[in-house]
Every structure is written in C-alpha cells, then in structure tokens.
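Enquirer: Given chain A, work out where chain B should sit, using these hints.
Listed here are the chains, written in short residue letters.
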Amino acid sequence: MINKGDNITKDVAIGGKQIEAPHETKPVLRREEFLLNMGPQHPSTHGVLRVVLDLEGERIVKATPDLGYLHRGVEKLCELETYNQIIPMTDRLDYVCSMTNNYAFVRAVEKLLQLQIPERAEYIRTLVAEMMRISGHLFWLGTQALDVGAMTVFFFTFREREEILDMFEELCGARLTMTYYRIGGIDRDLTPKIIDRLKKFIKEFPKKIKEYNTLLEHNRIWISRTKDVAVISGEDAINFGLTGPPLRGSGVNYDIRKAEPYGVYDRLDWEVPLGKNGDTYDRYWIRILEMIQSARMIEQCLEKLPSGPILASSPMVTLPKKNLVMSDMESLIHHFLVASKGFDAPKGEVYCGTEVPKGELGFYIYSTGGNRPYRLKIRPPSFIHMGAFDYMARGYMISDIITIFGTYDIVMGECDR
Amino acid sequence: MHPDPQKIKEAFPQIVQEAQIGLGELTLFIVKEGIVSLCRYLHDDSEMQFNHITDICSLDFPEDEERFEVVYHFYSIPKNHRIRVKTRVSEEECSLDSITSIWKGANFMEREVYDMMGIRFEHHPDLRRIMMPEDFEGHPLRKDFPTEGRGWRNTFEFLPNNS
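Residue numbers (this note's numbering), protein chains in the order written: chain A, 1 to 417; chain B, 1 to 163.
Pulled out of the complex, with its shape left as it was, chain B reads as follows:
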C-alpha cells in the first residue's frame, strides 16, 4: 500500500524529481533542500498522515558525483501505507537538514547515519557518534573503508606481533 504519488508531485513540483513504484513500494526522489518541507507535509497532511518514522539509512555510490544517498522510510498507522523518500548529497557538501523537529525518533537514526556514513544533519540537537568511539577515524559503511580495518590492531602492544 502506498499513497498517490501524483498528489505529492503536484504539491511539491520543485522538490520531487521522480516517483517510482517497484515491488509495490513507492519511492520519491527529491532534492536535498526540500527534505524538511516535504516531510512536514507527509506528516501533517490529512491524506498522508505519515506519523510513524520507520528508519533512516544511507547508501554509498563512490563513482557518482553525488556520492551518498539518504533513504527515509515512513509509515502511516491510520492510513496503513508506506513511503520511501530518497535524496542525494555530494562528498563536498555532505550535509542535510535534520527532521528531528518532526519525528523525535529521527534523533538516533540520524546519528547512526552520521556515524556510519559521515553525512552531517544540520540543526540536529545532539549530533555525535553512536556506535563507534568518539575518537574513531573514518566512517565504516563507506565503500572505501577497508573491511579488514586500517591496521590499528598491529599497533596494540598487548597483542602478539604476527608479522
């Protein structure tokens, strides 16, 4: 189940770039500047009523100019429909507006995206790392982050040196 994409496109012609339906799921591609206004509409509009935030996550496409894709999943309990909203950010301007003013649950989810992918959320009340230690360097879910670590283990004095 998903809402009518045409209505959203008409309401935000400057923001919504594309609407796709695949495997019964609606995906909206939007420009990053419009994330807060679109989310406010999805939350408040009587036909949308996306009152429940399901998840926020991110993808990395290192070859692309706009490298990172932030993916939002929302659900409407009264209407029983879902929507996916996607937007792209580049590595140089790696930031988006926070939607914590609309859904309080977005707080931890945005912190996780920041920690794992390094995308900043402006106006977030407490943007800190959530899984990794504060002094950790790099963002582990980026495709260029090595899967075997960066060799820090070899510098630990308490581990036997196998080299």
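Okay, chain A solo, but in the shape it has when bound:
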C-alpha cells in the first residue's frame, strides 16, 4: 500500500517478478474509492437496513440501499386471509404507528364495499389517528435527536409517548400492535376516563413541545447536522414520489387530509405546515408543527364528539356487540360466521391513500368477488422514500448518513413488508 508522502525508491515485486522502480522520487497521493457496508445491524439504521456506500475519503459518492432483510411476504399472505383477518397483519407493517395502518386498510375495504360509517366512529377514528401521529412524531424526534447525539430529548419525548401509549392501552388493551379499527367503525368506544386524561394531555402538550425546542432550537450540533443536509427540491421530491413531511419540507402543499378529505378532517380547523429549503432541519420543523396541529384537531374532535353507534349497521360485514355474543345465541352465530367465513366483497378494484405520519400509505385491492382479496398491494411511504436515498445522500459526509435515514422516519417493517 502506498501512502501520501511515501518514496517509491525500492524495487517492488509484481506477479513475482522484480521490476525496477523509477529513479525519481515523487510523493504519491492515494486516491481510490472505498466501499463500506453500513448495516444491516447498525443501531442507527432503525431496523435491518443495509446501505453500500461508495466513499471518496469521507464523502459519499454513491449510496445503494439493500432492502429485503425484513421481507415477510405480507402481500402474499393477505391473499390467503379474509378481509377482517388482514387487519392485525397491517399492524405489523409500521409497528410504531400501527393504528394508522389499520385505518388505511379499513378505508380501502370500506371504499370497495361502499360502506357508510357512523358519525361518532368517524370522529373517534380521526382523533385516534391524530394521537397516533403525535406518538409517531415523538418517536421520530426522540430517536433522531439520539442519533445526532442529543440524549435528553429522547427521554422527554418518550415520557409523553408513554402517556399516549397508556391511553391506547386503556382504549384497546394493547400498546404496540393495537388492531383497533374495524371495517365499518372501531372496536371500542372512548371511556370518560380516557377523555379526561386526553384533555389534560392536550392542555399540557404545547408546553412539552417548547421543552423539546429549547433543547434543539439553538443547539449548535443539531443545527449544523441538520441544516442544509439532504436537500431536495420540491420538483425532485414530486418526481421521486415522496409524500408526507419529506415532500412538505420541500414546500409542496400536498396532504391527503386536505386534498381528498376523509374522516372528519374537512370539518376541523387546521393548517398544513410547509417548509422552504427541503433540508433535514425543515423536515424537523414540519413534524413539530404537525404535532401542534394534531393537538388542535384532537381538541376540536373532543368538543364536537357526537353520540351514537361506533360501528356501521351492516350485519354481513360487522361483528355484533361483545356483550350480546356472550348472552344471545343469534349474536353468537352471527359473530362466528363473520369471524370465520368473513364476507364476500363485490368484484372490482380500488386504490385508497391515507395520510399517515410517514406519508401516503395506500392500499390497492383487486377483488374477484370472494371473501379474500385476489391481490392486495401496499404502497408504503418508507419504501418509496428509500428510492430517493441515493440522490439525497450523494456529496454529503459519511456521518450525515445517519440523519438522512432518520429524516424519512423509515420503519423497515413497512419498507420491506
């Protein structure tokens, strides 16, 4: 190996043959590209993601993502399950925000069935989706700050996230894979205890966001590692198919909740935060502002929450009430039929996109009329965002790779499916 400053004066052996070295003594600068495998077990890759980095010194020449380490064939499995049985499988996609996956899936099935959802269920669905968004963004903020080196933020955000998870536990009995949404409504109603707890949380939450910003806003390390890092213009972001905060961080006003409103989003007063520079710092602000907007929406949902049923009255599709199943034979038979045989969906195909914390999560269902989908395609935002990874990472330093992973808020369960 010849290094900078070495003198090439000695004879060197090449292929076992001695050749004479040039007589002149010249310093030789070593210039060669270096290949580095990052992951799949690196703690900062947020799961099993491997990236092959071509480096020139510490600068990235090319970053090739290698996906599939967590591929579980979810789409193939969905072809074997009834529509109701697929709901728990969607929890395992983005396991950080499992309920938003449920929401995206049940909306697609409801569009196929043309099912009307009761008013109260719509309010609760929207409210819970926004709680999940806060939870997802808190998770992102804590881990991104931790990756950059700011540990306190991680403890602070997880403190609030824990509070939300406790409420979810009270709501549906689970903390990670919650399976709360149902085709036609939701599983359980809000209890007065949860409503009180949520009101208290929403009141306190703006102060907590100030706390996070106090730690980060003027933090020189945070700013220098996020400002002007992984910049992508609005035009390029659209062309790559980015959605969610990575797209809005580049100033593109596209949010499905506004463009194609669902739930009760069109009945609430809220705004879509937009960035300017399209860098990691802007995406951080987008998520902070989104949490504030989510808190606003939850507050309005609680104020306007109407009374009424939480599940559509469609006996062929929806399950009967739990207490009736335990006491009434007809309800027990009804429950058994829906749970074991499912329901026959009409022939047709449907695409339904939902705005989840990471971007647009879409479900494409092709039905040939049976009780299970002929084909179910998931459009995961994390996977699409990884398509722009090489473009966004080129030219930056190797240490920036960590923040570029983080800026997408990727979850490999969703990316690899």
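In short, the hints are calculated from the structure, not lab data. Among these hints, one or two may not hold up.
Claimed, not checked - Below 25 angstroms or equal to it, Euclidean Cα-Cα: the simulated DSS-like pairs (lysine-lysine) are:
hint: 1; chain 1: A; residue 1: LYS304; chain 2: A; residue 2: LYS258
hint: 2; chain 1: B; residue 1: LYS104; chain 2: A; residue 2: LYS62
hint: 3; chain 1: B; residue 1: LYS79; chain 2: B; residue 2: LYS9
hint: 4; chain 1: B; residue 1: LYS79; chain 2: A; residue 2: LYS276
hint: 5; chain 1: B; residue 1: LYS79; chain 2: B; residue 2: LYS143
hint: 6; chain 1: A; residue 1: LYS62; chain 2: A; residue 2: LYS76
hint: 7; chain 1: B; residue 1: LYS86; chain 2: A; residue 2: LYS347
hint: 8; chain 1: A; residue 1: LYS304; chain 2: A; residue 2: LYS193
hint: 9; chain 1: B; residue 1: LYS79; chain 2: A; residue 2: LYS258
hint: 10; chain 1: A; residue 1: LYS203; chain 2: A; residue 2: LYS193
hint: 11; chain 1: B; residue 1: LYS32; chain 2: B; residue 2: LYS143
hint: 12; chain 1: B; residue 1: LYS9; chain 2: B; residue 2: LYS32
hint: 13; chain 1: A; residue 1: LYS276; chain 2: A; residue 2: LYS111
hint: 14; chain 1: B; residue 1: LYS104; chain 2: A; residue 2: LYS341
hint: 15; chain 1: B; residue 1: LYS79; chain 2: A; residue 2: LYS111
hint: 16; chain 1: B; residue 1: LYS143; chain 2: A; residue 2: LYS276
hint: 17; chain 1: A; residue 1: LYS210; chain 2: A; residue 2: LYS199
hint: 18; chain 1: A; residue 1: LYS210; chain 2: A; residue 2: LYS111
hint: 19; chain 1: A; residue 1: LYS347; chain 2: B; residue 2: LYS79
hint: 20; chain 1: B; residue 1: LYS9; chain 2: A; residue 2: LYS76
hint: 21; chain 1: A; residue 1: LYS347; chain 2: A; residue 2: LYS76
hint: 22; chain 1: A; residue 1: LYS76; chain 2: B; residue 2: LYS79
hint: 23; chain 1: B; residue 1: LYS32; chain 2: A; residue 2: LYS111
Expert: Then chain B, alone, in the frame of chain A:
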C-alpha cells in the same frame, strides 16, 4: 376526481383500448407498446399534469393468454386527480418499457414488480431484485408460487429434520 377519459382516447386512439370508471376511479386499458408515450403525455400535458407517481404493481391471471397485468397509479398535485393505467403482457414476452425516464420514483417500483412477478422493464437503469436475495429462484407473487415455499428449509443442515 379523474380527468376526462375521452380526451385521452382521442389523443391516443391506437394505444388506449378501453376506459372504465368504477367507484369514482378512472382506469385506462392500453397496449403495452404505448406505455412510454402515454405516460409522457400524462406527465407533460397541461390538462393532465400527472407529476406524482403513486405506485406500480402487478397482477397474475394464470389462466389468461396475456397472463400478467401491470398497474400504474398516477396523481396530479396541481389538478388533484388520479388515474390508473393497466396493460397486459404474456409469459413468453414478459417485458415492458421502463418509465424511469419520466418519473425517477419508478425505479424502485419497477424493481419490485420485476422481483415479485418476474416482469422485465427494458431500459431500466438498474434492474435487480430488491426484496429477495440475488440467487433466489422464482417470483413469489405469482399465483403458481407455493405459499409454503419450495422445500428449501428441509435441506438446511442446521435445522432439525422433522420428516
């Protein structure tokens, strides 16, 4: 929301075979040779402006002569409308032209279709498997791919032999 299908049919009478509207969604059935020219039009035309690629996926109908169906979903941010474009390919001529020259985001999506269904995309800059390992045989989303695998697990020496 969707654009006027008649305008697209008039612009490409040789390419567009059929236009269907179901559940408020517009689906165009086209011949596979016209995919790039139609997509270029959908992207560039001032009334279409489908600047955002949503997804590409594929379906398998083993009984049909043209076995595979490739499904494209596009969205227009300025116009707020969606479109679905479908085309069929046979098992013998299992290839299509790539649209990565129009939408860069199509790169990963086409790789996934190639990996899972085995449909090749000509002129793709980097057509490799994306989910499965490079030496994996078969395409898992084809209907004739067995759901319990092909028995490779039984050949692993480190697993106890249950047979």
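Enquirer: Which of the listed hints are not met by the structure?
Expert: 5, 6, 13, 14, 16, 18, 19, 20, 22, 23
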